[in-house]
Amino acid sequence: MIATTKKPLAEVLEALQGCQKVALVGCDGCAKVCLTGGVDEVADLAQQLKAAGKDIVFEVAPERTCNVAKSAPILEPLKDKIAESDALLVLGCGGAVQITRHLTEKLGLTKPVKAALNSVGHMDTLVPGAKAMEECSDCGDCILNETGGICPVTLCAKGLLNGPCGGAENGKCEVDPERDCAWILIYNRLSALGEVDRLRRYLEPKDFSKGSRPRTLHIKEGRVS
Amino acid sequence: MKLTELFKQGKFVITSEVGPVKGCARVNGGPPPEFIKEALAIKDYVDAVNVTDNQSAVMRLGSLAGSLLLKQYGLEPIYQLTCRDRNRIALQSDLMSACTLGIDNVLCLTGDHIKLGDHTAAKPVFDVDSVTLLRLAKGLNEGHDMVGNPLTRATDLALGAVVNPGFEPMDLQLLKMEKKIEQGAEFFQTQAIYDPKVFEIFVRRIETFKVPVQLGLVIIKSPKMARFMNEHVSGIRVPEALIQEMAAMPAAQYKERAGEIALRMAREMGPMVQGIHFMPMGWSDLVPPIVTELRKIMK
Chain A
273 MIATTKKPLA
283 EVLEALQGCQ
293 KVALVGCDGC
303 AKVCLTGGVD
313 EVADLAQQLK
323 AAGKDIVFEV
333 APERTCNVAK
343 SAPILEPLKD
353 KIAESDALLV
363 LGCGGAVQIT
373 RHLTEKLGLT
383 KPVKAALNSV
393 GHMDTLVPGA
403 KAMEECSDCG
413 DCILNETGGI
423 CPVTLCAKGL
433 LNGPCGGAEN
443 GKCEVDPERD
453 CAWILIYNRL
463 SALGEVDRLR
473 RYLEPKDFSK
483 GSRPRTLHIK
493 EGRVS
Chain B
-14 MKLTELFKQG
-4 KFVITSEVGP
6 VKGCARVNGG
16 PPPEFIKEAL
26 AIKDYVDAVN
36 VTDNQSAVMR
46 LGSLAGSLLL
56 KQYGLEPIYQ
66 LTCRDRNRIA
76 LQSDLMSACT
86 LGIDNVLCLT
96 GDHIKLGDHT
106 AAKPVFDVDS
116 VTLLRLAKGL
126 NEGHDMVGNP
136 LTRATDLALG
146 AVVNPGFEPM
156 DLQLLKMEKK
166 IEQGAEFFQT
176 QAIYDPKVFE
186 IFVRRIETFK
196 VPVQLGLVII
206 KSPKMARFMN
216 EHVSGIRVPE
226 ALIQEMAAMP
236 AAQYKERAGE
246 IALRMAREMG
256 PMVQGIHFMP
266 MGWSDLVPPI
276 VTELRKIMK
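Residue numbers (this note's numbering), protein chains in the order written: chain A, 273 to 497; chain B, -14 to 284.
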């Protein structure tokens, strides 16, 4: 999922300066999991904005706002309501904000689309409702087959490919003593799997051209450009 | 002079380390900056002097400028180069620049993470790791860049690397050391180590590697500094007994005791390997008497 955190209310209100009528678009996908933009959080922010003197035109939370297949059927019938709004405020990831903008443009409307959340990365839920962790960097050049299913590009603070730096202490990373050294995790995992010799192989540096932005996925061809 | 030549001659190679100043070192005829003074004080006692590369991720004068200054003052520099602040283009370019400017030795490191330094909001680069840095440096020595393009002229640099004998599990550190050797490391300087038993195990494990190694020794300046290193400097562990030994002295005698401890460590562990690398942390004046004593037993 794409993890999000809430922007402070003051920052949201500053973004909405001069906009009296506000339409709220949440996301009942990732943002719901992060407790930042599901139906409940949209209702909560609506209350706070009303208390701050704003008029709320509508509140919706498509199942996945970043996917037009889910957001268009909800937003398109609201064209007239969008037209009377001064701004749309999106409680979703940066992708959700921009898909909402795409949809308003497609409807022929030029409306400010504002973000109520900060996107903080591709994360995996470890403890529902409590903890998610970044484990994949979407580098486009996956090496998990070589590293026991543990990604050093993401979990090693330096993204090292050929073993640990010398800085780990008691199995913890030099950058954060609360965090396990990714390379010790990889070593232990490969040892347990009887594959520790994999670590003898030199891994070429990453081909960062595969991750150069912005990337486009051509779904039918399974191709990225 | 390449350090590798000294090792080939069977010399016990002694080096030390200085950290460039945080500031411009153009003194317009004035006295040289502090790190040059420090290096000059040990000039006749060491074979070469490392110049650190924005050590601990604290922004300072560049290690290439520092190395060149040392060279101009008649010292043999070991240019430290980390992957933290440069992508593969800059690393290769800087290696060619170093060789062009007369640098003969380079120490290839990953580099301390930016979070440990004084510009914590900076973007960490780490485009390549230290193993690949050695590989690309070897490539430049062979006359080609890392994508295979020929150079108009190859570099001629002795390639050093680092290893931490105190790392646990040691096997994992040794796997990386072997990779560094395979990719081009010609000599090693170790992270500071104060446990002779651990160092002996390490030395036995690397016997078959056939690569010269220098014992790394950070001079312990005070019990407070030792505890600070244990808590904040990655990869260094000062045993409590050593801290207590220091703490038993009045503060006025810390320096004397620091010299005694370093000499004791050097005598005990130095003969197991091919040299010693001192990291005096500003107390470079301790190095000459220690080296004078050491040279009586290690040539």
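What the hints contain is simulated information worked out from the structure, not anything from laboratory work. Owing to the predicted nature of the structure, the values given are computational and were not obtained by experimental measurement. Idealized CB from N, CA, C, for every residue including glycine. Please note: incorrect hints may appear among the correct ones.
[As the list claims (entries may be wrong)] Per the computed footprint, the stretches of chain A lying under chain B, defined by three or more beta-carbons under 8 angstroms from a beta-carbon of chain B, are: (1) 304 to 313; (2) 317 to 323; (3) 350 to 361; (4) 447 to 459.
[Unchecked claim] Chain A residues, not near chain B, derived (Cβ > 12 angstroms throughout): (5) V332; (6) S391; (7) V392.
[What the hints assert, rightly or not] For lysine-lysine, the following PhoX-like pairs were computed, each having C-alpha atoms within a straight-line distance of at most 20 angstroms: (8) K240(B) <-> K(-4)(B); (9) K478(A) <-> K281(B); (10) K28(B) <-> K123(B); (11) K(-4)(B) <-> K281(B); (12) K284(B) <-> K28(B); (13) K100(B) <-> K7(B); (14) K123(B) <-> K478(A); (15) K444(A) <-> K100(B); (16) K326(A) <-> K403(A).
Here is how each hint holds up against the structure:
1. As drawn, the stretch 304 to 313 of chain A meets chain B at 0 residues by the rule of a beta-carbon pair under 8 angstroms; below three, the given contact is violated.
2. Residues of the stretch 317 to 323 of chain A lying with their CB closer than 8 angstroms to a CB of chain B number 0, which falls below the three-residue condition for coverage.
3. Against chain B, the stretch 350 to 361 of chain A contributes 0 residues with a C-beta closer than 8 angstroms to a partner C-beta. That does not satisfy the three-residue criterion, and the hint is violated.
4. Judged by the Cβ-Cβ criterion of 8 angstroms, the stretch 447 to 459 of chain A is covered by chain B as claimed, because 5 of its residues qualify and three suffice.
5. No beta-carbon of chain B is positioned within 12 angstroms of the beta-carbon of V332(A); the least distance is around 37 angstroms.
6. Every beta carbon of chain B lies more than 12 angstroms from that of S391(A), the smallest distance being close to 18 angstroms; the non-interface claim holds.
7. Chain B leaves V392(A) outside its interface by the beta-carbon criterion, the shortest separation being 16 angstroms against a cut-off of 12 angstroms.
8. For the given pair, K240(B) sits about 29 angstroms from K(-4)(B) by alpha-carbon distance, which is inconsistent with the 20 angstroms threshold.
9. Of the pairs offered as hints, the one joining K478(A) and K281(B) is violated, with about 49 angstroms between alpha carbons and a cut-off of 20 angstroms exceeded.
10. Note on K28(B) and K123(B): the hinted pairing is violated, with a Cα-Cα distance of about 29 angstroms set against a maximum of 20 angstroms.
11. Between K(-4)(B) and K281(B) the CA atoms are separated by roughly 13 angstroms; this keeps the pair inside 20 angstroms, and the hint holds.
12. Our distance criterion of 20 angstroms between C-alpha atoms is met by K284(B) and K28(B), whose separation comes to about 17 angstroms.
13. The hinted pair formed by K100(B) and K7(B) meets the criterion: a straight-line CA distance of about 18 angstroms does not exceed 20 angstroms.
14. The hinted pair formed by K123(B) and K478(A) meets the criterion: a straight-line CA distance of about 19 angstroms does not exceed 20 angstroms.
15. The straight-line distance between the Cα atoms of K444(A) and K100(B) is roughly 15 angstroms, inside the 20 angstroms bound, and the hint therefore holds.
16. For the given pair, K326(A) sits about 33 angstroms from K403(A) by alpha-carbon distance, which is inconsistent with the 20 angstroms threshold.
Checked against the numbered hints given earlier, the structure breaks hints 1, 2, 3, 8, 9, 10 and 16 and satisfies all the rest.
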